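Enquirer: Dock chain B against chain A, hints included.
So you can see what is in the structure, the chains are spelled out below.
2 protein chains.
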Amino acid sequence: MSKPVASPTEFDFKEIPGGVTAAKGFRASAISCGIKNPTATRLDLALIVSDRATATEGCFTTNRVKAAPVRLCQQHIKEGDIRAIIANSGNANACTGLQGISDAKAMTKAVAQKLGVRMKQVLVSSTGIIGMNMPIERVTPRIGELVEALDAKGSDAASQAIMTSDTKPKSYAIEVECEGKPFRIGGIAKGAGMICPNMATMLCFITTDAAVDPAELKRATQSAVEQSFNRITIDGDTSTNDTVIVMSNGASEIPLIKSRSPCTELFRAALRKVMLELAKMCVRDGERVTKFVEVRVQGARTYMDAKVVAQTVAKSLLVKCSWHGGDPNWGRIIHAVGYSGARIREELVDIYFGGLIAAKNGLTAGTPVKELEKVVKKPTFTVTIDLNLGAANYNVFTTDLSEEYVDFNAAEYSAAVHAKRQTGLA
Amino acid sequence: MSKPVASPTEFDFKEIPGGVTAAKGFRASAISCGIKNPTATRLDLALIVSDRATATEGCFTTNRVKAAPVRLCQQHIKEGDIRAIIANSGNANACTGLQGISDAKAMTKAVAQKLGVRMKQVLVSSTGIIGMNMPIERVTPRIGELVEALDAKGSDAASQAIMTSDTKPKSYAIEVECEGKPFRIGGIAKGAGMICPNMATMLCFITTDAAVDPAELKRATQSAVEQSFNRITIDGDTSTNDTVIVMSNGASEIPLIKSRSPCTELFRAALRKVMLELAKMCVRDGERVTKFVEVRVQGARTYMDAKVVAQTVAKSLLVKCSWHGGDPNWGRIIHAVGYSGARIREELVDIYFGGLIAAKNGLTAGTPVKELEKVVKKPTFTVTIDLNLGAANYNVFTTDLSEEYVDFNAAEYSAAVHAKRQTGLA
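Which chain is which? The protein sequence lines are A and B, in order.
Sequence positions in the first sequence follow my numbering and run 932 to 1357.
Sequence positions in the second sequence follow my numbering and run 932 to 1357.
Hints are computed from structural coordinates only; laboratory data are not their basis.
Every value quoted in this text rests on a predicted model; they were computed, and no experiment measured them.
Don't take every hint at face value.
Unchecked claim - Distance condition first, Cα-Cα at most 25 Å in a straight line; then the derived BS3-like pairs of lysine-lysine:
| hint | chain 1 | residue 1 | chain 2 | residue 2 |
| --- | --- | --- | --- | --- |
| 1 | B | K1305 | B | K1112 |
| 2 | B | K945 | B | K955 |
| 3 | B | K1189 | B | K1112 |
| 4 | B | K967 | A | K1301 |
| 5 | A | K967 | B | K1309 |
| 6 | A | K1305 | A | K1211 |
| 7 | B | K1291 | B | K1309 |
| 8 | A | K1009 | A | K1051 |
| 9 | A | K1291 | B | K967 |
| 10 | A | K1149 | A | K1189 |
| 11 | A | K1099 | A | K945 |
| 12 | A | K1291 | A | K1308 |
| 13 | A | K945 | A | K1291 |
| 14 | B | K1291 | A | K967 |
| 15 | A | K1045 | A | K955 |
| 16 | B | K1036 | A | K1291 |
| 17 | B | K945 | B | K1309 |
| 18 | A | K1036 | B | K1291 |
This is chain A alone, in the form it adopts within the complex (with noise of 0.2 Å):
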């Protein structure tokens, strides 16, 4: 048996530069080879690789649409001991059947020749547009300069060539103690998208130096994903193309982290906060959101119920208009609890902004609106939402709606295709 120890807190982590290159034996690249459009010089391949033999633990996306790539992962991830992760932005290689397929191996394939490892060490992940074939002509014939390009301090680059909407790259890394001695764990990730419902593609790729036993990874992965990702992108919309890849490569000099060793805790809730920032950055770049919103349900009588009723509130239209222009329209919220499906007294509901409450039993609190406006016309604030039928909770991130927003996701499609046309690729 292990002896006792407190939960760990904030305090137990310290935030370090380096992203996914912030642990030992980490090393990532990027280049640009105009996937997208073959004229734009921005960054978009990007290569991760560990020096070491690793335990690699993935969570792929539930839509039973998937990419080439989250197919071709969920097989090579099995495979154990993988050595490197290519990604790219500009196309998603979605919805592209057999040729799909062929093209993601290609991607594999020339990255463990130039690694001397084998193909199923090699993991793929892609993010853009649905329904077009990869440039796979402008991509394999470059991995040779991607791999010579790996540096200890590539995060950088390999955060930004995963960006498509993204306003700004996404990097996050912590150093921890277990008895005495550090280990690091860190990660990149691309989100944008309205995040709920939402058909961005996420990408998150976390490293560290720990010695994870797979089985433990696994556990610690799945539970670290439900507590972060899973609470940005709500009720399952998951994108064909969701992918969180977190690699352990044990070069701390740490002990080997199992599901009862004295760092387990520690090590799973380093992974959580890790995967919990970066989800935030997501939300918090949504494409042209203004408001970044947390909602709180208390007091339910399941925690199905309470995920049902934050889920739903997060989701509605009508709420996330209001947050937009800062309405403390509670009614608003009442309604999208009510109509959640979870069981609720409406009698028993009180609603709060911030700390102050807006709603008491169903009914208006009094509190007045001004006082409510300031804290909804805030970027950054909490609405809770107390059931007082039980003890359950559950809590998801989220954003208002904008006009921009609207404007943003008019029209991608045919941009795509007459921009293929222009460039006499179509």
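Expert: Relative to the frame of chain A, chain B by itself:
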């Protein structure tokens, strides 16, 4: 056994004017009470009366948060022989607790007294803002006037009085022949809001001078609602006040319609036709929408699979944005199909815009984008999704999502509270 008859077709229905007073023995009226704003002069209180006994059926919101008038209607309608419906816009009388119930009762009581019927023979419907008390002192003293104004041509005024953000009144009526004798069925409705996910109340009042057995009226009403209003208010996202009421008074000379009378099928089809026309008017008049889209799903394994796919696509923000931009983005559609939860096989999915195939077997079908754009740029079109797995189908009516919609819905509550304060009522 009834003799077999051909299914009724459009040719059996003759469109006539008159809306909710097209049927014999019904009268309606409307006045302006300044419910939302005491200084405004728009019609906001309507009355519909049957001059003789009725069989009356209602369908009410499934939202667990129910407005006071909905709760009262559900009680009164059980008693039978409903004679009148009083309906107002400007205040939903929802989330108003015991005061709300008391106000709704006061409205039915005032009408009952003036008409000389029992309070339980009067139904009440309200639509407007949630969470504010009904200004009942401006309503009940005016009921005498409202009764005085009753007129066999009063439908137009009543249809205007129930409007909220609707841009035009909604009215439809038909005349139908049963065994050589005519009966009439018609109604008025209000919709607006985005229809899905929707907080704007949908109200619909239908009258017929056919004599209909209460059990058959219930069956016919439920079935017609399922095939009309339930195809626009998607996924149970009904407002706190949604109400459909059908009154039948037997003022025509056709024989009583029971479950297997000669005209039963005709009556059912006629009721469905009236509801479907009114439901379509609600979608077309959705707040600031620019497109009217029918989503048809066919080839599903089960009815529930077809339904969930249709609803998920019709609800997807990113799909709606693409329609708004006239963008034939089938990738976003197949993505929504994938996360709907229905059993699908990506490699079997076909997607059509109008009659043009955009995706075949989950891949681009090669139809020129310019051709597809011609369809999606129209104000009205159909999207057909063939899952190629079975024989079940389902269709829903929906809209695009426009920048104006977001803008329009951004500050309702604050504006209402501030307006109240300015007029000295807060």
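Enquirer: Which hint numbers doesn't this structure obey?
Expert: 1, 5, 13 and 17
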